[in-house]
Amino acid sequence: MSITEEQWIAEAKNGDKDAFAKLVEKYQKPVYSVCYRMLGTPTAAEDAAQETFIRAYQALDRYDPTRSFATWLLSIASNYSIDQLRKMKVTILSMDNEKHAWLAPPANEPSPEKAALEKEKQAQIQSLLADLPEIDRAAVILQYWHNSSYEEIAETLNLSSSAVKSRLFRARRLMAEKWQQMQLVSVPQVNSTAKRIAHETSTI
Amino acid sequence: MKHQQFETWILLDTELNQEQQRNLQVHLNQCAQCNSLYRATQQIAHLFRTSPVPEPAPDFSYRWIARMDRVENRKNRLILGATLGGISLATILVLSSVGIQLRSTLVYFPQMMLEMVTLITKWIIFLNQLWDIFTPLFRVSIKLVSPVWLYSVGLSLSGITAAWMVAFFRSRTLQKELLP
Ligand SMILES: [Zn+2]
Chain A
61 MSITEEQWIA
71 EAKNGDKDAF
81 AKLVEKYQKP
91 VYSVCYRMLG
101 TPTAAEDAAQ
111 ETFIRAYQAL
121 DRYDPTRSFA
131 TWLLSIASNY
141 SIDQLRKMKV
151 TILSMDNEKH
161 AWLAPPANEP
171 SPEKAALEKE
181 KQAQIQSLLA
191 DLPEIDRAAV
201 ILQYWHNSSY
211 EEIAETLNLS
221 SSAVKSRLFR
231 ARRLMAEKWQ
241 QMQLVSVPQV
251 NSTAKRIAHE
261 TSTI
Chain B
1418 MKHQQFETWI
1428 LLDTELNQEQ
1438 QRNLQVHLNQ
1448 CAQCNSLYRA
1458 TQQIAHLFRT
1468 SPVPEPAPDF
1478 SYRWIARMDR
1488 VENRKNRLIL
1498 GATLGGISLA
1508 TILVLSSVGI
1518 QLRSTLVYFP
1528 QMMLEMVTLI
1538 TKWIIFLNQL
1548 WDIFTPLFRV
1558 SIKLVSPVWL
1568 YSVGLSLSGI
1578 TAAWMVAFFR
1588 SRTLQKELLP
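Sequence order for the protein chains is A and B. Count the first sequence with our numbering and you get residues 61 to 264, in order. Count the second sequence with our numbering and you get residues 1418 to 1597, in order.
Simulated from the structure, these hints should not be mistaken for laboratory data. Think of the CB as a built atom: it goes at the ideal place given N, C-alpha and C, for glycine as much as any other residue. Hints may be right or wrong, so weigh each one.
[Said to hold, decoys possible] Quick list of simulated restraints, FRET-style, between CB atoms:
1) Asp1430/B - Ser220/A: 16 to 24 Å
2) Ser220/A - Val1511/B: 27 to 35 Å
3) Gln67/A - Asn1490/B: 45 to 53 Å
4) Arg115/A - Ser1514/B: 42 to 50 Å
5) Asp76/A - Gln1460/B: 42 to 50 Å
6) Pro125/A - Ser1514/B: 51 to 59 Å
7) Arg1491/B - Ile63/A: 52 to 60 Å
8) Asn1490/B - Arg230/A: 44 to 52 Å
9) Val1515/B - Gln67/A: 33 to 41 Å
10) Arg115/A - Asn1434/B: 23 to 31 Å
11) Ala223/A - Val1443/B: 26 to 34 Å
12) Gln67/A - Ser1514/B: 39 to 47 Å
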């Protein structure tokens, strides 16, 4: 952690909201993206990310400075999102595209084709994540998008390393199965059968 | 090597040494199931890593400050409300208990006075009776305890005993003289 960051934390502990706002500025993207992947809509993600920083600010006295501040924040974000999912029983992750305008705005206006492709990708990701149990989903998100190790995921989600491994194993198998189904559905029947035959012959 | 081992390697993204990698490659060429699983995992990883990172709307931190202000205001209002509520409740309790005490005192005052007079009278009678019982006993006990009285009783008792003994021995000698 940088010296300025330690200073911001110290000032925030004394009730300086503006100092904490600098930390919010710095960590908003990882926190927001965890919430977005977990909850699936920008509205829910915004709310969860804001709530994460409010809880972090209120619990700042309990923050252990020997741990990574980012990991601590992501831990609050994941656990809050898990609670929200359980509370609302949101199992289907919907994409509200109207409110989605600000999502990763590229430097140049994307071509309609590219935008459509991005949208398609987001939809695929959310449908892969949708079937996973809440904690497994959080583990997958932390592993893929935040490059967390098993130990870091274990610390973030309050699990043992071996529990994280077995959850990720199960989650990745589930996603692979779903992916295979999605491939079959998205490609026209004849084509896909041909592809499968071609694949099977090539692997024999 | 077992099929399950390769599945674990694929699904846990295990770091493999060169020999393990070769073994995996050989197995992937032989096993359609593992091959399909491997390709799916690779494609998913590619999809995930190339997707745009979701970003919050601009001015996220300003919205946070505004929200935090609302949270703190709500908290302050709650504290203020709870304090005022507590004070009001305490005042009501104190006033009502004082009121009840005052009211009962006013209503029952003559009766209380009457009961007090009755009680005091009863005590006086009771003490008087005690006095009547204990005064003669006391007087007698003083006489009983008096040493003069004790001496006189003792002396008269020993005088009687001595007179009785003299009479007894006299009568025995008289009997001996009269009866042969
Ligand atoms: Zn196999």
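Structure-based check of each hint:
{"no.": "1", "hint": "Asp1430/B - Ser220/A: 16 to 24 Å", "in the structure": "holds, 19 Å"}
{"no.": "2", "hint": "Ser220/A - Val1511/B: 27 to 35 Å", "in the structure": "violated, 57 Å"}
{"no.": "3", "hint": "Gln67/A - Asn1490/B: 45 to 53 Å", "in the structure": "violated, 27 Å"}
{"no.": "4", "hint": "Arg115/A - Ser1514/B: 42 to 50 Å", "in the structure": "holds, 44 Å"}
{"no.": "5", "hint": "Asp76/A - Gln1460/B: 42 to 50 Å", "in the structure": "holds, 47 Å"}
{"no.": "6", "hint": "Pro125/A - Ser1514/B: 51 to 59 Å", "in the structure": "holds, 53 Å"}
{"no.": "7", "hint": "Arg1491/B - Ile63/A: 52 to 60 Å", "in the structure": "violated, 35 Å"}
{"no.": "8", "hint": "Asn1490/B - Arg230/A: 44 to 52 Å", "in the structure": "holds, 45 Å"}
{"no.": "9", "hint": "Val1515/B - Gln67/A: 33 to 41 Å", "in the structure": "violated, 57 Å"}
{"no.": "10", "hint": "Arg115/A - Asn1434/B: 23 to 31 Å", "in the structure": "violated, 44 Å"}
{"no.": "11", "hint": "Ala223/A - Val1443/B: 26 to 34 Å", "in the structure": "holds, 32 Å"}
{"no.": "12", "hint": "Gln67/A - Ser1514/B: 39 to 47 Å", "in the structure": "violated, 55 Å"}
Going through the hint list in order, the structure does not satisfy hints 2, 3, 7, 9, 10, 12.
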